[in-house]
Amino acid sequence: MAKLRVGVVSPEREIWSGEADMVIAKTVEGEIGIMPNHAPVLGILVEGGVLRVKRAGGEGELVAAVHGGFFSVADNEVSVLAEMAELGSEVDVRAVRDALERALASVDADAENMEAALEAKRATARLRAAGEDV
Amino acid sequence: MGAQLRLLRRRIRSVKSTAKITRAQELIASSRIAKAQQRMAEALPYEREITRAVTGVVSNTSSIDHPLTVEKERPASAGVLIVTSDGGFCGGFNANVLREAEALRGLLEERGVRAVPFVVGSKGVGWHRFRSREMAGEWEGFSRRPAYSDAKEIAGMLIESFKAEEGIDEIHIVSTEFVSMLTQNVVVKRVLPLEVVEAEQTEETALLPYFEFEPGAGAVLDSLLPRYVESRIFTALLQSAASEEAARRRAMKAATDNANELIGVFTRQMNQARQAEITQEISEIVGGANALADAAAGKE
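Each protein sequence line maps, in turn, to chains A and B.
Using the working numbering, the letters of the first sequence map in sequence onto residues 1 to 134.
Using the working numbering, the letters of the second sequence map in sequence onto residues 1001 to 1300.
Keep in mind the hints are simulated off the structure, nothing from the lab.
Among the clues, some could well be false.
Below, computed lysine-lysine pairings styled on DSS-like, alpha-carbon distance capped at 27 Å [unchecked claim]: (1) B:1016 - B:1072; (2) B:1072 - A:121; (3) B:1020 - B:1253; (4) A:26 - B:1020; (5) B:1253 - B:1299; (6) A:54 - A:121.
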């Protein structure tokens, strides 16, 4: 079966690239699963989404937190262009938990605080990517 | 010791310490170029992908009618983003950029377009302040290590004034392109309105797929185009950072070479002065001894 060639890139570096059997991303319209021979798609990713890549060759699943950006699919090539992205294995769980608590506290104090709400969303995604329960 | 000799010794000492400083600056700049080049390389995949995505969208939505791609018939003002450095000691780096920016300004004014400068880097900001030129935006403090958030901030401001009713109608970037360690060119690029070039029928463009959009073509363009502008600006900042270090390395190398040459010249002059002094002393002693001998001979 054909494989997908996947590249996950952020403006400052290339996060991961390789072959995969399936990619699951979260767009503004909901989750979308991409398998080989998918029709060309260009979608907008949500803030604080979790990207799952089922790697080829039994290497297991790659999970990354991606914040904003796009993904495009064409000719079995999937490129995920995230404004910010981080692999689950790179997440510093304790630091992010702290950040999440701080963000939630400022949301509690001021429900209009969009910045903090966004920060909380991102922290949640990063924890999920790291395999933590949130 | 003669006055001339002392003077030369002092100058040699001072030139030597200058040479040490410029040599250190040169080495620092060399190591920074490598880092800056690495950052450029790391940013490349994103830029390539986003350019591909934009080309893809533009080439298969037949009628693009997005505010960022529409060209005004009679542009009245144009924003010029001038990318300079924060630090000096980099030879003609900033002067070249500013000269090119002035040329662009002249060109725009010939067409009856007012140039509105947006300036990155303290050197450029200082240059404009000194001439009491008004700047629509100024950013300082990150020319050596630009982060994506910096590019985002700049792009946000540019796009906002581009979209505003009485805002600017075009956006140009004047920055330095890093070609290699030895070559950096000042380039002028138009960023907005995006030039929607009719794709030439090369093998690559002919194969561009027809995309489906999620959620819709309009919404995708709405968020894709600003990202594209951000990426272009980020690339310009990174290239400029690498070029700045390369220019600094070259300037500092020239300064070190000149200092070493000066030291050589001064050392020769000093040796000459010392030799002259010794010769004079000897001839004085010999003269004195002769005079004494003559006087003694006269008495006998």
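Hints, one by one, checked against the model:
1. At roughly 59 Å between alpha-carbon atoms, residue 1016 of chain B and residue 1072 of chain B are farther apart than 27 Å, so this suggested pair is violated.
2. Only pairs whose Cα atoms come within 27 Å are accepted, and residue 1072 of chain B paired with residue 121 of chain A is rejected, the gap being roughly 40 Å.
3. Straight-line distance between C-alpha atoms of residue 1020 of chain B and residue 1253 of chain B comes to about 11 Å, which keeps the hinted pair within the 27 Å bound.
4. A C-alpha spacing of about 56 Å is found between residue 26 of chain A and residue 1020 of chain B, which places the hinted pair above 27 Å, so the restraint is violated.
5. Between the alpha carbons of residue 1253 of chain B and residue 1299 of chain B the distance comes to roughly 69 Å, so the proposed pair goes past 27 Å and is violated.
6. In summary, the hint linking residue 54 of chain A to residue 121 of chain A is supported, as the alpha carbons are separated by about 24 Å, within the 27 Å threshold.
The structure does not agree with the numbered hints 1, 2, 4, 5 stated previously, though it agrees with the rest.
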